[in-house]
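As given, the protein sequences belong to chains X and Y, one line each in that order.
Each position in the first sequence, counted from 1, maps to that position plus 710 in our numbering.
Each position in the second sequence, counted from 1, maps to that position plus 3 in our numbering.
There may be inaccurate statements among the hints.
[Unchecked claim] Heads up, simulated DMTMM-like pairs for lysine to aspartate or glutamate below, C-alpha to C-alpha not over 25 Å straight-line:
1. K79(Y) to D1142(X)
2. K30(Y) to D1156(X)
3. K813(X) to D119(Y)
Honestly, the hints are just simulated from the structure, not real lab data.
Read off the chains here:
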Amino acid sequence: MDALSNLLLGFSVALTPVNLFWCLVGVILGTMVGVLPGLGPAATIAMLLPLTLKMDHTTAIIALAGIFYGARYGGSTTSILLNIPGESSSVVTCLDGYQMARKGRAGAALGISAIASFIAGTVGVLGLMLIAPPLARFALRFAPPEYFALMVLGLAMVVFLAGESMVKALLAMLIGLWIATIGTDLFTAESRFTFGQTKLLGGVDFIAATVGIFAIGEVLVNLESQGGAEIFKIAKGLRNLLPTLQDLKDCRFAFLNGSIVGFFVGALPGAGATVASFMSYGIEKAFSRHPEKFGTGVIEGVAAPEGANNADAGGALVPLLTLGIPGGNTTAILLGGLILWGYKPGPLLIQEHPELFWGLVASMYIGNVLLLVLNLPLVPLFAQILRLPYYVLYPLIVGISIVGVYSVNNSLFDVWMMGFFGLLGYLMRKLDFPAAALILGMVLGDSLERALRQSLMMSQGDLMILVNRPISATLLLIAAMILCLPAARKVRSWRVEAIERES
Amino acid sequence: MMRNKGNLVSATCLAVFGVYVISVASKLAYVSEVGPGPGFFPLWLGIGLVSFAACLIFASLASPANQDKADPITWKTTGRALAGWLALMLAIALLGRLGFALSFVLLTIFFIVALDRRPVLLAVGVGVGLAVAFQLIFVTALDVSLPTGFWGF
């Protein structure tokens, strides 16, 4: 009852015309920055933070949070239409979303992405409302060994990204992990694998790498065939541009999976939406009745990661608002904003400033509805981009890629890196190495190494610390079971073949 | 046959690369005063790379060539893609001198005329049209800065 009366208080705050207006402005801005690769919510919030100083603080946090979760909606658009991940958390969406677009189901992919985002975003807000304090206390039990185990569990998802060859997937993942080591070592400040380039001291820019591998790699593959090969089939009629009832039925588990995984992974500081999207995709494929179709344009392969990266937004606010711990760049800037406005984010924030917390929660419900209402009608419009002739489409993809990558740091070096990763992406496609496995390694490499080295520092070099603690032991056990899955499947198929031969 | 050869070549390259990673990592400290050093993680990565690359080499040599159903890699099509990539890299090299707009127009013309064998006028139209659209959307409306040439755009 307490939660309900508090929520009513929240709605009384969020439904004031001025807060509704800023919530709308926030989600529209968020969607726009999400669509454009490189221009992320963290940079946008940082740019707008000074403007909020003269605003009412509740209104300001409602607008800034709108940008945060609105960007997650927009991130899928270019992933599905052009194979350019708008946000790092939308990389996984490229795998099946772009393939759906190629089969003439871009509208369905965009539609299911908006619906999954709405459902999971709402579940994330429910979680934030109901279980924020106990979940935040649980998240605090995650020390380096638990984070290491979580990262290993994330890496185990490589099993579900592998195509024909598991060895190739593991090699791609190791290359990704190696790329993550490029730059300055955080513990000793020593440079590693920088090839004498000072610009590599900060590491390889993630956006440059992903845009290169996915977008430029795809353009290069398609440049192979001269003139007029139909790349995209376009569905005719508005009705065919939206998900069908069967699509929604197929995605039931994906909605649930994305919501739960996204929220819980989001609540862990440092884990992030990208990890959540990879994990939910892996889980979806593991429990699917047709895992072999993943990567060829399966609608659940879009719904699960898109749901996860939106539920993550609710989860990420749990440690921020209840403990004052930011989980990533965007929440760190939001924390800065809260402190700037004179709040002390921590266990007492909800009690001392109920209008702020509950106003934000209620505005997120409203924001999610606004995003769905805004995004669904835009689906047919966005899908029209695929009607462009391919000799316009490919330069367009290359142009957006250059602009997106350059705009992150105003660095030509990053654009060079994008070009090199483009060639790598092309070669990986030609040689059948899964690019998503490389990205998985890149995403998790830094956190994995840091957590492992911190754990070994804690235990003075004793590896048993990783298995002596209940949470890390459980996570490692699950990871080991996942890694054994391909072997188990192979043994099973051998047995079936042997039985068939005998009979 | 070609794919098996591709696997063999790529696995050999990765094995050599793994040896390089090991050699660089072994020059970094494996253990530091505070715990594992900067060479600790990359060393094990290098060992992993060499091990899995060896597995792939073994699998490529062991599997019969006719098992492979994938499309063979042909030099003609690969050459077109590599020409496109070289043009992209040249356009990136020109970004700092000619600016985004002109480099992009030149790249578009190359894609459409040289690789796709379409009329020059069409290529110029598409290139200029897209460059103007980028300028209006990103630079004018969104205030995103793009590389500029001597002439300021």
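What are the numbers of the hints that this structure violates, sorted from low to high? none
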